[in-house]
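Peer 1: For the protein sequence lines, the chains are Z and L, in the order given. Sequential numbering from 35 applies to the first sequence in the working numbering. Sequential numbering from 35 applies to the second sequence in the working numbering.
No wet-lab data here; the hints were simulated from the structure. Ideal placement from N, C-alpha and C gives every residue a C-beta, glycine not left out. Keep in mind that the hints are not guaranteed to be accurate.
To give an idea of the interface, some chain L residues facing chain Z are shown, with a C-beta separation under 10 Å as derived from the structure [what the hints assert, rightly or not]:
1) F55
2) P97
3) H120
4) A126
Protein chains: 2
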Amino acid sequence: MHQRVTMITLGVADILKSRAFYESLGWKPVKHEHGDGIAFFQCPGMVLALYPRDLLAADAGVPAEKKDTFSGVTLAYNVNAKDEVHAAADQARKAGAKILKEPQDVFWGGYHSYFADPDGHLWEIAFNPFTRVDEQGRFMMEGDG
Amino acid sequence: MHQRVTMITLGVADILKSRAFYESLGWKPVKHEHGDGIAFFQCPGMVLALYPRDLLAADAGVPAEKKDTFSGVTLAYNVNAKDEVHAAADQARKAGAKILKEPQDVFWGGYHSYFADPDGHLWEIAFNPFTRVDEQGRFMMEGDG
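If we strip away everything but chain Z, and leave its shape as in the complex, we get:
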């Protein structure tokens, strides 16, 4: 795995309220077609996302209510092909990660896997066919960050 974090997703109780908070800090969300179900903020080289906490837990395949195993934050390692999801998941497994979700299709058209690091911090390995990671490992949803 290359050395990068392409997305941080914060689990939130109310997307509109949380998005408004970040907008009040002067941030501008990425325009997208998914309505108010998720919010993305393009940062230099990576994206901060806001997503309902219960749906984020479900995405990772962990119980939302158990704060011992779900902190409410996930990190993502985006890749540019499905086979890279498998390669990264295999490497994480060999490094001793707990694989929470084997590589599989996701409803939004992507392909992903989840693992937990030694402290239970959750990582998604994600292939999103609508975006790319560039040669410098930067993940851009909009503009140049």
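Knowing the structure of chain Z, use the given hints to seat chain L on it.
Peer 2: Relative to the frame of chain Z, chain L by itself:
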């Protein structure tokens, strides 16, 4: 506040074990003078840090054992001057953030403040006199990421 995340810090139980895990993924830590007390991994434009969970909570001024108010993860917004810490903290306060720590000196030579977003996600606003955020908002501790 500009749109950037300059550091993600993961609270860990055992720095050496966690650092070894990320090294097993192929990552290389930044060489620094602080021994095994903290580990930094330079990513494109930002840094992933590993720090003892209890010390991370103490740094933010929240109880480490209360998982309702401390997820074990903090985000940082680095700036290039002490007065920018005040400006960002003021903006966060006006946006409705809960200020957990007013701007103040830190033992390692920096100057910082902490706030919680509407869901309790913790942000450090940090001035580190030994590093800089560049004009694109990228935070580099080593090389070009």
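Peer 1: Now tell me if each hint is right for this structure.
Peer 2: Do the hints match the structure? See the list:
This hint holds: F55 of chain L has a C-beta 5 Å from the nearest C-beta of chain Z, less than the 10 Å allowed. Given hint, P97 of chain L at the interface with chain Z, is violated; its Cβ is 13 Å from that chain's nearest Cβ, farther than 10 Å. With a least beta-carbon distance of about 15 Å to chain Z, the hint placing H120 of chain L at the interface is violated under the 10 Å criterion. At about 7 Å, the closest approach between the beta carbon of A126 of chain L and any beta carbon in chain Z falls short of 10 Å, and the interface hint on this residue holds.
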